[in-house]
Amino acid sequence: MPLLAERTDRFALLRSISASEQVHERAVYQMLTGHRHSAALINEIPHFGSVLSYIFDGQRSQSDTLPSLMKIGRNGVKNGFLHNKHGGLKLSFDGRIENLDHFYERPSSRFDLLTQMQQAAGQLQDRRGDLIDTQQRSRAMMLDVELGQLLGTETEFDDYSPTAFFLRQCQTAARVINANKGTRVIQLTLDGWDQHVSIYGEGSFDLPSLSRALDDGLAFLIDDLESKPAVTGQGTLLEETLIVAVGEFGRTVALNTGGGRDHYPDILPVLLMGGGVQGGQTIGVSNENGAYITDRGWSQNRSMTMGDLMATIYSALGVDWTWRYQDTPSGRVFEAVDTSIAGPVFAIEDLFSEVPS
Amino acid sequence: MRTVLLFLMTCPLVGAFAQMPKAAGLEEIASFYRGPRAKKPDPSLKLDDRLFIRRIFLDLTGRLPDPERVELFMSNTSTAKRAALVEEIIGSEAFVDRWTYFFEDLFSTHVLIGGIYRNPFHFTLRQMVADGRPWNEMASRLIMETGVGSREDSLFSFWGLGAFLSEFRLDFLDDQISLITKSMLGMSTSCISCHDGAYHLEDINKGLSTMTRRQFWGMAAFLSSSYAYIPRSDYDLGSEEGILELYRELMYVDTDDADFNKGEGFYFLSDERFDDGNYHAQSEPGEGMRAPRNGGVVEPAWMTTGEGPQTGETRRAALARILTGDRQFALNMVNRLWAHFFGEGFVEPLTGWDLGRLDTETALTHGSTVQSRNVVLMEYLTDFFIDSNYDLRALMRVLTNSWLYQINYANAGKGGTNGLDYWVSNRRVRRLEPEAINDAIFDLLETGHRYVITGIHDRTFDSAWQLPDNYEPNPGALSNREGGFVVEPESLGFPSEEAYYYYQFSALSLLERFGRGDRYSQVLADTESTVQTALSMMNWEMIHTWVLGENTSPFLQRLIEDYENQRQTETELTQTLFRRFLWRDPNPLEVDIFASYFKDKEAEQGIPDMVWSLLNHVDFLYK
Numbered sequence: 032m033p034l035l036a037e038r039t040d041r042f043a044l045l046r047s048i049s050a051s052e053q054v055h056e057r058a059v060y061q062m063l064t065g066h067r068h069s070a071a072l073i074n075e076i077p078h079f080g081s082v083l084s085y086i087f088d089g090q091r092s093q094s095d096t097l098p099s100l101m102k103i104g105r106n107g108v109k110n111g112f113l114h115n116k117h118g119g120l121k122l123s124f125d126g127r128i129e130n131l132d133h134f135y136e137r138p139s140s141r142f143d144l145l146t147q148m149q150q151a152a153g154q155l156q157d158r159r160g161d162l163i164d165t166q167q168r169s170r171a172m173m174l175d176v177e178l179g180q181l182l183g184t185e186t187e188f189d190d191y192s193p194t195a196f197f198l199r200q201c202q203t204a205a206r207v208i209n210a211n212k213g214t215r216v217i218q219l220t221l222d223g224w225d226q227h228v229s230i231y232g233e234g235s236f237d238l239p240s241l242s243r244a245l246d247d248g249l250a251f252l253i254d255d256l257e258s259k260p261a262v263t264g265q266g267t268l269l270e271e272t273l274i275v276a277v278g279e280f281g282r283t284v285a286l287n288t289g290g291g292r293d294h295y296p297d298i299l300p301v302l303l304m305g306g307g308v309q310g311g312q313t314i315g316v317s318n319e320n321g322a323y324i325t326d327r328g329w330s331q332n333r334s335m336t337m338g339d340l341m342a343t344i345y346s347a348l349g350v351d352w353t354w355r356y357q358d359t360p361s362g363r364v365f366e367a368v369d370t371s372i373a374g375p376v377f378a379i380e381d382l383f384s385e386v387p388s
Numbered sequence: 020m021r022t023v024l025l026f027l028m029t030c031p032l033v034g035a036f037a038q039m040p041k042a043a044g045l046e047e048i049a050s051f052y053r054g055p056r057a058k059k060p061d062p063s064l065k066l067d068d069r070l071f072i073r074r075i076f077l078d079l080t081g082r083l084p085d086p087e088r089v090e091l092f093m094s095n096t097s098t099a100k101r102a103a104l105v106e107e108i109i110g111s112e113a114f115v116d117r118w119t120y121f122f123e124d125l126f127s128t129h130v131l132i133g134g135i136y137r138n139p140f141h142f143t144l145r146q147m148v149a150d151g152r153p154w155n156e157m158a159s160r161l162i163m164e165t166g167v168g169s170r171e172d173s174l175f176s177f178w179g180l181g182a183f184l185s186e187f188r189l190d191f192l193d194d195q196i197s198l199i200t201k202s203m204l205g206m207s208t209s210c211i212s213c214h215d216g217a218y219h220l221e222d223i224n225k226g227l228s229t230m231t232r233r234q235f236w237g238m239a240a241f242l243s244s245s246y247a248y249i250p251r252s253d254y255d256l257g258s259e260e261g262i263l264e265l266y267r268e269l270m271y272v273d274t275d276d277a278d279f280n281k282g283e284g285f286y287f288l289s290d291e292r293f294d295d296g297n298y299h300a301q302s303e304p305g306e307g308m309r310a311p312r313n314g315g316v317v318e319p320a321w322m323t324t325g326e327g328p329q330t331g332e333t334r335r336a337a338l339a340r341i342l343t344g345d346r347q348f349a350l351n352m353v354n355r356l357w358a359h360f361f362g363e364g365f366v367e368p369l370t371g372w373d374l375g376r377l378d379t380e381t382a383l384t385h386g387s388t389v390q391s392r393n394v395v396l397m398e399y400l401t402d403f404f405i406d407s408n409y410d411l412r413a414l415m416r417v418l419t420n421s422w423l424y425q426i427n428y429a430n431a432g433k434g435g436t437n438g439l440d441y442w443v444s445n446r447r448v449r450r451l452e453p454e455a456i457n458d459a460i461f462d463l464l465e466t467g468h469r470y471v472i473t474g475i476h477d478r479t480f481d482s483a484w485q486l487p488d489n490y491e492p493n494p495g496a497l498s499n500r501e502g503g504f505v506v507e508p509e510s511l512g513f514p515s516e517e518a519y520y521y522y523q524f525s526a527l528s529l530l531e532r533f534g535r536g537d538r539y540s541q542v543l544a545d546t547e548s549t550v551q552t553a554l555s556m557m558n559w560e561m562i563h564t565w566v567l568g569e570n571t572s573p574f575l576q577r578l579i580e581d582y583e584n585q586r587q588t589e590t591e592l593t594q595t596l597f598r599r600f601l602w603r604d605p606n607p608l609e610v611d612i613f614a615s616y617f618k619d620k621e622a623e624q625g626i627p628d629m630v631w632s633l634l635n636h637v638d639f640l641y642k
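Listed in order, the protein sequences are those of chains A and B. Just so we're aligned, residue 32 is where the first sequence starts under the numbering used here, counting upward by one. Just so we're aligned, residue 20 is where the second sequence starts under the numbering used here, counting upward by one.
I should point out that these hints are in silico values taken from the structure, not numbers from a laboratory. Certain hints may be false.
Restricting the straight-line Cα-Cα distance to at most 20 Å, the calculated cross-link-like pairs of lysine to aspartate or glutamate (EDC-like) are [unchecked claim]:
1. A/K116 with B/D481
2. A/K212 with A/D175
3. A/K259 with A/E270
4. A/K116 with B/D222
5. A/K116 with A/D157
6. B/K433 with A/E270
7. A/K212 with A/D88
8. B/K642 with B/E363
9. B/K65 with A/D164
10. B/K642 with A/E270
11. B/K433 with A/D161
12. A/K116 with A/D88
13. B/K642 with A/D157
If we take Cβ atoms under 7 Å as the criterion, some of the chain B residues that face chain A in the derived model are [stated by the list, open to error]:
14. N445
15. E547
16. W631
Glycine included, every Cβ here is placed at the ideal spot set by N, Cα and C.
Please model the complete structure; the sequences and the hints are all you need to start from.
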């Protein structure tokens with residue numbers, strides 16, 4: 032990854048973090064919620080971005096016309112017990128809002144017809160009224176030229192390689208952050224790392240191709256955000272934005288018989304940059320082939336966990352990660368980061384400490 | 020710092036009226052059946068025949084009836100025609116599909132692996148529904164499942180998800196008993212799988228707050244003699260065929276079964292500490308996902324009574340006997356069916372039953388209130404369900420033939436807070452399920468959609484309710500390794516290869532957009548309206564080009580031709596469209612809106628436009 036190699040002073044690398052799960056769905060769930068998968072609570076636990084959307088709701092201003100949470104690509108974890116409006120806006124894998132543009136070449140007459148039909152339905156006081164409100168909000172978004180520009184709907188493209196897709200996601204994220212319209216969390220997705228066979232094969236989703244996509248996208252984000260002034264007027268946008276690049280678990284070290292690598296929760300790398308992270312450092316050490324952790328590199332007498340990473344993200348945004356919510360449907364207290372099963376978690380403060388020269 | 024960016028790098032009429040009760044609460048129950056006697060029912064609450072047939076088909080089958088069936092029903096003048104219709108529907112294949120889906124959602128425990136275990140589970144469950152097997156018999160079969168997991172009548176998938184996902188034997192047993200209590204008792208007991216209820220659950224669940232982790236282990240111990248078992252050790256695990264062979268021969272066994280001999284085989288998740296068939300509540304810190312256990316060998320004991328196996332009875336047989344004999348087993352299903360038909364359970368959430376709040380006396384001892392919104396009606400229906408031998412169809416007859424079911428909730432206002440008034444409310448108005456929206460669009464427009472399922476090459480399916488899980492339909496289900504087809508799509512009745520792919524991808528995409536559930540991750544379907552669903556219905560290319568485009572819908576083509584050849588007037592056209600998509604006649608204002616819209620347009624533009632507006636109408640998307 033040559034572009035990131037030129038920017039090592041901008042990011043920190045965690046090498047002593049372990050995942051708890053080794054099945055994709057459950058591991059992604061934990062990564063996005065800070066909670067282990069529990070069948071009893073699955074429909075109650077929200078995406079961490081939904082939690083932040085709820086917490087920041089009171090801080091939104093009239094100019095905040097975009098939702099607090101945007102999810103590009105994947106939408107497996109939703110708003111849980113929180114209101115639907117905290118579910119976030121889902122964008123497609125190419126970083127655009129799906130179906131914002133009307134496909135029909137003469138849309139206005141159809142919409143006029145629908146508007147009249149909605150008016151004829153009267154003031155509905157049940158759930159049907161929610162749909163009409165939602166349709167009208169969606170219609171307003173369709174007419175919002177600035178929104179179209181922000182979310183790249185006006186640009187056609189025909190390159191479907193991972194590099195092009197991911198770069199478009201990063202470009203969309205950079206535009207949205209720079210626009211400062213209320214979005215606080217953006218989830219991007221680069222799929223294809225589940226390389227059980229032919230990891231070095233020739234294809235769009237082999238390791239070199241995906242690494243190139245990640246390299247291009249992250250380097251673009253670093254440069255773009257660093258080139259723009261912070262919203263607060265002090266420093267750059269990069270300093271106001273925490274970027275976290277993480278998979279749901281690692282991969283086995285040795286190649287399997289199919290020339291691929293399998294699921295491996297014991298150790299996975301995490302890249303962090305911006306948002307006060309002191310670049311140019313690694314935390315934790317793994318052995319020579321990356322199979323296990325030899326030095327945890329932080330103050331706790333255990334490996335770092337997904338819970339610790341989540342606590343770090345909350346903390347970096349100025350949110351108390353011990354935040355709890357009482358009035359859940361099950362009656363069970365919701366913790367922003369679960370400690371009831373996983374035990375105590377800790378923010379990884381070393382990321383933000385000055386690196387000794 | 021303002022914003023966080025998170026990158027994911029991821030990878031896949033007889034009996035329609037139960038016997039009237041003699042006990043207290045007669046008035047409440049009589050009102051449920053026949054409407055309140057004390058006051059004259061509001062005439063606006065009367066549900067007309069056309070909306071009734073829509074509702075009953077959607078609730079019992081998830082699909083809309085054929086237009087011919089509707090007109091037959093409308094022209095029938097019999098006062099017993101609604102009850103007769105219920106009877107007809109619950110004898111239909113569409114009913115069997117819908118309720119198979121209901122139980123699969125309830126258990127949410129599929130293992131895909133090419134359909135090896137999932138398909139037998141799906142079709143065996145379906146056969147039980149088709150045969151009208153009582154709920155207690157179905158539950159017992161699931162609990163007592165043994166044998167080769169891939170055999171034709173296997174129910175191994177009920178156990179398979181946990182068996183494959185768990186990394187630690189005791190977690191597998193704990194998770195599986197949690198699934199059983201959740202799905203069959205309506206109780207999420209996983210809280211006490213980690214700690215005692217006391218000092219944790221007093222404000223959450225009075226009943227569970229009095230229970231201990233040891234009591235939970237006693238429940239899990241009913242399962243401790245069962246294992247996923249691999250009968251031999253000489254599979255070629257370096258080849259895909261060898262791995263598949265192992266999967267095909269994998270068994271679910273019970274060491275309490277006198278016929279079982281472990282022989283040369285070994286257990287999946289094998290751990291010699293737990294391979295003797297007992298529940299050893301003994302684990303080290305960091306083992307599995309629960310706090311360490313330190314309780315020695317735990318004997319099976321039912322959590323409320325302490326009852327265990329009888330002499331000569333296997334542990335799982337004992338569990339099945341005790342569980343299905345517990346009144347909570349029947350209460351749970353009554354509550355779930357009530358929620359299905361009325362949009363909300365007597366007890367919510369459906370998995371949040373509190374044994375400390377079942378009745379006034381018990382609740383008072385806990386300083387609390389009764390949990391159910393209507394104890395009299397709920398207990399009465401539960402008595403009926405038990406007395407009718409756990410017959411699901413019998414209970415559905417009672418619910419759907421009631422006065423309460425057959426009112427127009429959209430006109431009911433907010434409703435009251437007590438007794439039956441709570442249910443006479445516009446809260447009952449709900450959005451259709453993703454599967455129902457999928458089927459409604461393609462059925463009404465007669466696009467001829469049909470689907471294929473992983474592992475099945477000899478037939479197709481014509482409804483989203485026939486799909487065994489959320490990974491289906493699978494556009495690759497007919498593909499072979501060489502990039503061709505195992506079976507040519509045309510030989511299964513697809514008009515072309517292009518149509519084959521279009522049918523699969525359009526349904527997959529539509530179901531996903533409308534929030535279908537995920538059984539693998541145990542997420543229920545979403546029926547909220549979101550910006551994404553609104554934009555999809557209004558703007559999605561598929562709706563415009565494939566559903567409403569030129570020459571794609573035989574129904575639209577017929578309508579356009581009828582109008583252009585003056586076989587239908589403009590007024591008749593409007594009525595046809597309203598009846599077909601909204602199941603009612605247009606009001607005068609709506610007639611004017613359509614007339615005004617249509618007057619300067621060609622039929623081939625105006626008619627698809629009008630259908631588009633109806634597909635986006637609240638009365639199409641809601642019930």
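(message) Which constraints among the numbered hints does this structure fail? Numbers only, ascending.
(response) 1, 4, 6, 9 and 10
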